[in-house]
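Novice: Using the hints, position chain F against chain Z.
Spelled out from the first residue to the last, the chains are:
Protein chains: 2
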Amino acid sequence: MNIAILGVGTVGSSVIKILQKNKDLISARAGKEIIPVVGTVRDLNKDRGVNIPLTDDIKSVLNRDDIDIYIELMGGVEKPFSIVSEILKKKKPVVTANKAMLAYHRYALQNLAKDTPFGFEASVAGGIPIIKALREGLSANRVEKIVGILNGTSNYILTDMMQNNSNFEDVLKKAQSLGYAEADPTFDVDGIDAAHKLLILSSIAYGVHGDPEDILVKGIRKISNEDIFFAKEFDYTIKLLGISKITDGKAELRVHPALINKDRIIAEVDGVMNAVSINCDALNESMYYGPGAGGDATASAVIADLIDIAKGNKNPMLGYAQNFKKMELIEQKNIQTKYYLRVKVEDRTGVLASITNVMSQNNISIDSFLQKPRNKGEKHTTLYFTTHLSLEANIKRVMGILENFEFVLNRPFMIRIEE
Amino acid sequence: MNIAILGVGTVGSSVIKILQKNKDLISARAGKEIIPVVGTVRDLNKDRGVNIPLTDDIKSVLNRDDIDIYIELMGGVEKPFSIVSEILKKKKPVVTANKAMLAYHRYALQNLAKDTPFGFEASVAGGIPIIKALREGLSANRVEKIVGILNGTSNYILTDMMQNNSNFEDVLKKAQSLGYAEADPTFDVDGIDAAHKLLILSSIAYGVHGDPEDILVKGIRKISNEDIFFAKEFDYTIKLLGISKITDGKAELRVHPALINKDRIIAEVDGVMNAVSINCDALNESMYYGPGAGGDATASAVIADLIDIAKGNKNPMLGYAQNFKKMELIEQKNIQTKYYLRVKVEDRTGVLASITNVMSQNNISIDSFLQKPRNKGEKHTTLYFTTHLSLEANIKRVMGILENFEFVLNRPFMIRIEE
Chain Z
72 MNIAILGVGT
82 VGSSVIKILQ
92 KNKDLISARA
102 GKEIIPVVGT
112 VRDLNKDRGV
122 NIPLTDDIKS
132 VLNRDDIDIY
142 IELMGGVEKP
152 FSIVSEILKK
162 KKPVVTANKA
172 MLAYHRYALQ
182 NLAKDTPFGF
192 EASVAGGIPI
202 IKALREGLSA
212 NRVEKIVGIL
222 NGTSNYILTD
232 MMQNNSNFED
242 VLKKAQSLGY
252 AEADPTFDVD
262 GIDAAHKLLI
272 LSSIAYGVHG
282 DPEDILVKGI
292 RKISNEDIFF
302 AKEFDYTIKL
312 LGISKITDGK
322 AELRVHPALI
332 NKDRIIAEVD
342 GVMNAVSINC
352 DALNESMYYG
362 PGAGGDATAS
372 AVIADLIDIA
382 KGNKNPMLGY
392 AQNFKKMELI
402 EQKNIQTKYY
412 LRVKVEDRTG
422 VLASITNVMS
432 QNNISIDSFL
442 QKPRNKGEKH
452 TTLYFTTHLS
462 LEANIKRVMG
472 ILENFEFVLN
482 RPFMIRIEE
Chain F
72 MNIAILGVGT
82 VGSSVIKILQ
92 KNKDLISARA
102 GKEIIPVVGT
112 VRDLNKDRGV
122 NIPLTDDIKS
132 VLNRDDIDIY
142 IELMGGVEKP
152 FSIVSEILKK
162 KKPVVTANKA
172 MLAYHRYALQ
182 NLAKDTPFGF
192 EASVAGGIPI
202 IKALREGLSA
212 NRVEKIVGIL
222 NGTSNYILTD
232 MMQNNSNFED
242 VLKKAQSLGY
252 AEADPTFDVD
262 GIDAAHKLLI
272 LSSIAYGVHG
282 DPEDILVKGI
292 RKISNEDIFF
302 AKEFDYTIKL
312 LGISKITDGK
322 AELRVHPALI
332 NKDRIIAEVD
342 GVMNAVSINC
352 DALNESMYYG
362 PGAGGDATAS
372 AVIADLIDIA
382 KGNKNPMLGY
392 AQNFKKMELI
402 EQKNIQTKYY
412 LRVKVEDRTG
422 VLASITNVMS
432 QNNISIDSFL
442 QKPRNKGEKH
452 TTLYFTTHLS
462 LEANIKRVMG
472 ILENFEFVLN
482 RPFMIRIEE
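Chains Z and F, in that order, give the protein sequences.
Using the working numbering, you'd call the opening residue of the first sequence number 72 and step up by one each time.
Using the working numbering, you'd call the opening residue of the second sequence number 72 and step up by one each time.
So here's chain Z without its partners, still in its complex pose (with noise of 0.2 Å):
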């Protein structure tokens, strides 16, 4: 089986390296060999350290008639988009790790790919296969709730920001100067990245409309020390979540910081490792542990794609070979949670009384309260809330409320508690 690669960067490298280190293993597993055959980049002039030819012209690639299996590494949204469509229109099977292009994209090439394999395993937590997990491996079930760390540099930064009392910023340079974060962080940081996987998730779980902008979606940007100093006091540990559950008929997915138990099993993943837990109807909860990233690891999974193609495997793109109906977005405003407040004041007489007389006319209810004794000569403190299950737009009117009273120092801050 031939195959040619669009876009030989970190993973289509190890792509090649691997296809070719393991290629007796894998030709008996596949039942044949699996043969990179050309790739593409876009500078011819960088090494790239691979041994099969490599040219900048991509639509002579896509013109040859001896390529069984493309790869799309190229990254983007709608230039992917658009070659991966023609590919699928000549038949021939695509395995992508892109992720932003299938959280846009993966109804329209479900239905490009209705009679040809697509395996997109590298585009969820790396090497993990949690896509076959999920679509093959409990496929007897109704999903019900899906709680992953899906990115692997705001899980470095966390964790980091937990064992070593750092801060943010510090901790965003470490990872940068490691390579576990891109020069922009944003994708990564901002919970966009994770919010990509969650909704792909989701569409094989139980079938979910809705763009990457319609759920919702928070960083880990404004996470200050004085919350890690709360989480370890009440036993918590911080986490970025994506979170996907079934709330009366709808869908209800969101990614954020989020403070959980520190004895559950998903709170000991720690560094740039990923995770993801599912509950189903039949299986109870079942977990899927290992490296978000990297070449090889994401490699393994494109890898883990070809062999399945070239053993005549066929696999419906989301899971479902025929129609079953998609789960409408819940509204942001109806998200229930609990919710964890840190609130900057004026160490003065009233002001506990005043917040909680707003929360309580809002129908927040106090599970706990924190404050410490004020430190020599300030005169300000901080006080932190818990509270019972809420309603997502009665906690943001809350916080604006707050924010307005004269003796609130600085925007109030959330963090969802997930339990």
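Check before you lean on any hint, since a few could be wrong.
Heads up, the list lumps identical chains together, so a pair's fine if it works in one copy or across two of them.
[Stated by the list, open to error] For lysine to aspartate or glutamate, the following EDC-like pairs were computed, each having C-alpha atoms within a straight-line distance of at most 20 Å:
no., residue 1, residue 2
1, Lys245, Glu399
2, Lys316, Glu104
3, Lys161, Asp306
4, Lys443, Asp282
5, Lys289, Asp118
6, Lys88, Asp118
7, Lys185, Glu304
8, Lys94, Asp352
9, Lys303, Asp136
10, Lys415, Glu399
Hints were generated in silico from the structure; no laboratory data involved.
Specialist: Using the frame of chain Z, we list chain F on its own:
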């Protein structure tokens, strides 16, 4: 697709109920309806709570030509092997949860199932799709090591012993009353069940020769509160592990209780849950966690196999479409690990010197040593050692010598340390 279930017990009833309850979803995923049309039982008078025809005449079911897939849930080894062989010879697909049959006859079954789908996801770790992950998800990789908590009963008992300082016999009784342990718990607590599963996983990972009797298997019956005390003191937990790895070009398989550092993620797997950690060359470590037993969890895996077969997927039974060289097992005496040794002795001059002399003469190097102050009035004390990497043959020899010293009061007890 018409399904016959040979042996309708707990798992079989769950299969029928889930197929009926999730019919819409399962049909959409499989592309066709999967209908349980008949089940066999030994005793027709016992109510199974299922609404399909049951018979005690297996022959009549095997002779029907309207059955598309047979599910074997009878248990045992030779009888189901003979029946499954008969079905496979007729080129009818089989799905089984029978790990004992697979542990003894996996390669014979592989030969019989060359052109016929044969699913056995349910045979290892209940509902966790670990066969699929290892056989398909990690197919690009050379597997280097598998470490699994593969028996929920033993894990339940050890978890209780660690958490409550309870003793083996009491927790076993509790587990039996809760339905977590059988009246005869031998298979579970003596490591035999885990050994069957470890052989199955290893055969997929790299193909191993050998029967369950050929591998090192130790159970958990002799673990005492003193061992629990030591584990806690040195930040270990005790788990019954199945370990499989490549050592000098041979396969090293062993099942035994092990001391593992309590901050490892697999150390957090408590109660009846299972987990399998897999190290590979491209992906490094990934881990799979979930319920190891139970009717619905196991049925979830059985039905996933049915859906795969309905979709026309063609996965070679043990993952190899072409022949691939199998590994020989390493001789047990050549296995190297670190060890923990507990020796009860008379508390008098020269005892420690004698023991450490024997150890050094047999190339056992001590890593740590603990002796607690003797309780008032007692004339004996317990010595706790851990060793550096040592040969199994040497530690066995040392234990034999120690046992014969007149100042050694009990048979010394050893637990392997897994780092």
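Novice: Could you run down the list of hints and mark each one as holding or not?
Specialist: Now for the hints, and whether the structure bears them out:
1. Lys245 - Glu399: neither (40 Å within a copy, 46 Å between copies)
2. Lys316 - Glu104: Neither: 41 Å inside a chain and 26 Å across chains, both beyond 20 Å.
3. Lys161 - Asp306: So Lys161 and Asp306 fail the 20 Å test inside a copy (55 Å) and across (59 Å) alike.
4. Lys443 - Asp282: neither (43 Å within a copy, 63 Å between copies)
5. Lys289 - Asp118: neither (38 Å within a copy, 53 Å between copies)
6. Lys88 - Asp118: within (14 Å within a copy, 58 Å between copies)
7. Lys185 - Glu304: Cα proximity of Lys185 and Glu304: none, with 52 Å in one copy and 59 Å across.
8. Lys94 - Asp352: Classified as between: cross-chain Cα gap 13 Å, same-chain 40 Å, threshold 20 Å.
9. Lys303 - Asp136: Cα proximity of Lys303 and Asp136: none, with 60 Å in one copy and 64 Å across.
10. Lys415 - Glu399: The answer is neither: 38 Å in one copy and 66 Å across copies each exceed 20 Å.
Of the numbered hints listed earlier, those contradicted by the structure are 1, 2, 3, 4, 5, 7, 9, 10.
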